[in-house]
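We have chain A; now place chain B onto it with these hints.
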Amino acid sequence: MDCPDIRDAFMKGEVPADADVAAHLKGCPQCSELFARDAELGRSLGTEGTVNMPFEDELFARLEDEVAQENGPRAWLRSRPTGLRFAVVAVSVLAAIGLGGFARLRADFSEYPMARLLLLLGVYAIAILLAFAKELYLSIRRGSLADHAGLLVGALGLPFLIAFAPATETSRHTGSGGALGCFGYGALLTLPTAALLWAFDRDDQPSLRTVCLSAVALGLSANFVLELHCPSGNASHLLLGHASIGVAWLAAWSMLRRSRSPNHLRK
Amino acid sequence: MTAYVAGDKHAFRELFARYAPLLQRAMARDLRSAEEANDLVQQTFLHLHRSRLDFEPGRKVKPWVFTIALNLKREFFRRSKRRQETSIDDDRVAEPFEGPRGQERSDAARETERALSALPAEHREVIELHWFGGLSFPEVAEAVGSTVAAVKVRAHRGYVALRARLGEAALDPDPRNIESAAGGGR
Numbered sequence: 001m002d003c004p005d006i007r008d009a010f011m012k013g014e015v016p017a018d019a020d021v022a023a024h025l026k027g028c029p030q031c032s033e034l035f036a037r038d039a040e041l042g043r044s045l046g047t048e049g050t051v052n053m054p055f056e057d058e059l060f061a062r063l064e065d066e067v068a069q070e071n072g073p074r075a076w077l078r079s080r081p082t083g084l085r086f087a088v089v090a091v092s093v094l095a096a097i098g099l100g101g102f103a104r105l106r107a108d109f110s111e112y113p114m115a116r117l118l119l120l121l122g123v124y125a126i127a128i129l130l131a132f133a134k135e136l137y138l139s140i141r142r143g144s145l146a147d148h149a150g151l152l153v154g155a156l157g158l159p160f161l162i163a164f165a166p167a168t169e170t171s172r173h174t175g176s177g178g179a180l181g182c183f184g185y186g187a188l189l190t191l192p193t194a195a196l197l198w199a200f201d202r203d204d205q206p207s208l209r210t211v212c213l214s215a216v217a218l219g220l221s222a223n224f225v226l227e228l229h230c231p232s233g234n235a236s237h238l239l240l241g242h243a244s245i246g247v248a249w250l251a252a253w254s255m256l257r258r259s260r261s262p263n264h265l266r267k
Numbered sequence: 001m002t003a004y005v006a007g008d009k010h011a012f013r014e015l016f017a018r019y020a021p022l023l024q025r026a027m028a029r030d031l032r033s034a035e036e037a038n039d040l041v042q043q044t045f046l047h048l049h050r051s052r053l054d055f056e057p058g059r060k061v062k063p064w065v066f067t068i069a070l071n072l073k074r075e076f077f078r079r080s081k082r083r084q085e086t087s088i089d090d091d092r093v094a095e096p097f098e099g100p101r102g103q104e105r106s107d108a109a110r111e112t113e114r115a116l117s118a119l120p121a122e123h124r125e126v127i128e129l130h131w132f133g134g135l136s137f138p139e140v141a142e143a144v145g146s147t148v149a150a151v152k153v154r155a156h157r158g159y160v161a162l163r164a165r166l167g168e169a170a171l172d173p174d175p176r177n178i179e180s181a182a183g184g185g186r
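Protein chains in written order, with the working numbering: chain A, 1 to 267; chain B, 1 to 186.
If we strip away everything but chain B, and leave its shape as in the complex, we get:
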């Protein structure tokens, strides 16, 4: 980021290559189409470009990028008057991304995706940032504008709910029954 602020255009591509997949994943789980997710990823980097002079050397880039992305995502939902929630049998539940272990891995990943998508947005958001984004809890707290204690509680509750959903999924592979078994949890 420091190199980019100094005018190195190649650094922008490196930033994009490093953070775009994480952002795309975080966006895709909440949005109805890949195009919407890509638009928000694009906007995130455009904002990053416009805000580049606000970057303080020594500060971590990842929480800053995620803060921009989360604000854009919330604004998107506010404008489109859609709730940042997903339904377990909704079309927008993301297909699992390709992994190296073939169909077995893909099925397991699909179950995890479905269970994650069924979590309340505030729990899912913290898990997304902590687990998939690789942010520490203080960084997650910075990104979502909350306290470390609060995000830890949200993560814990999210993990408990996720484990319950995955447990139900193992017993009943029909995803439409998972949500009712888990009581909705929203």
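Pulled out of the complex, with its shape left as it was, chain A reads as follows:
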């Protein structure tokens, strides 16, 4: 005798009572509540009949219509297994870093303090991994945005903090010019990843957590690339051309989210 057996008995209108039940109740305070005061609660919950669902056929017909529309590249992409979808996104991030960063290294790369570069890249890499891991975790398990607000604020704010780090000898005298170019460069390189994130999202209207985590991942990826590519140490340049990319992606994703009707399924 276990909890489901007791539940089934009550649902049949019976009040189970034998030695097995007594033994179970000794170790199960939840079921014990069902039997208190002449099994009042168990009887009451047992009065709940089976669900009458006269609209089942209509609802299923609507669902079949929706499922029938699930075709085309996006439908195929977002039905891929979660691990594969994340692996493809990770490859696109690595490709952006490889093509935009390592293939076009900053002019002062040979003189730039390697320890500092590795530290900054390491911080960005950890933040990117945390954002993606959180997104992967949340796609499987539930979680409220508030639970992860620290990560979101920290990851979005990280490039802004780094912009105020002391400049190196090689980057000290750089001006604020070219910020727009860096902004465009970083945004363009992360555009394929953004397209993949959109295509892979199984929600028709992206959830707020997806919007925030996607923006964080894209912003950090762009800043990783620009750390390798751009020699500027000017705070204004870093704020306008680098750190703002994450915020811009957040705005873009938010606009995309607003443009989607939450009640698209209702007919």
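Hints are supplied without guarantee of correctness; some may be wrong.
What the hints assert, rightly or not - Pairs of lysine-lysine residues, derived as PhoX-like cross-links and limited to a Cα-Cα distance of at most 25 angstroms, are as follows: (1) A:K12 x A:K26; (2) B:K60 x B:K152; (3) B:K62 x B:K9; (4) B:K60 x B:K9; (5) B:K62 x B:K152; (6) B:K152 x A:K12; (7) A:K26 x B:K152; (8) A:K12 x B:K62.
Since the hints were derived computationally from the structure, they do not count as laboratory data.
Only chain B this time, still in chain A's reference frame:
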């Protein structure tokens, strides 16, 4: 589910017939209209369809389906900026579903529905899944993303509160007085 993943379209209808009533019931208690509940049931199955390749053979389907449904319900409340709570004298308290024992059963079921609807959402959710969904506590824990110990505590507290409310209802059949007698309990 394995048959559906393999391409058997009839299996989808079987899945729907098996789980849609449970989901509809779980949704209906929190939402203001049957249409909203039906929309979320429909979305749950649409997500299930999109996620079908994530299903691991041997894994239980029910907790997985309820996990999708609960996430959609929470997202619905987040978007509509409504709290996942109900009021005992609110219109959205679901009418009891039809049972085989006529009016007597219907009245008792109505009282139970009202008492359930007045519970805090986190308690009601666990009772819904455990009692009406037929999920074991480990499965409930998986569905709500919590620990077995935590959901057992929530279930116990929910049952205690429910019993108190039903006891009050027996003494005072006016449902508007139940909540005040039980102190709100939220």
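Going down the list of hints, with the structure as the test:
1. A:K12 x A:K26: Judged against 25 angstroms, a Cα distance of about 23 angstroms means the pair holds.
2. B:K60 x B:K152: Distance ~20 angstroms between B:K60 and B:K152 Cα, so the pair holds.
3. B:K62 x B:K9: holds (19 angstroms)
4. B:K60 x B:K9: Answer holds: B:K60 to B:K9 is near 19 angstroms, not above 25 angstroms.
5. B:K62 x B:K152: Status holds; Cα separation ~19 angstroms.
6. B:K152 x A:K12: holds (24 angstroms)
7. A:K26 x B:K152: holds (15 angstroms)
8. A:K12 x B:K62: With a Cα-Cα distance of about 22 angstroms, the restraint between A:K12 and B:K62 holds, given a limit of 25 angstroms.
Violated hints: none; the structure is consistent with every hint.
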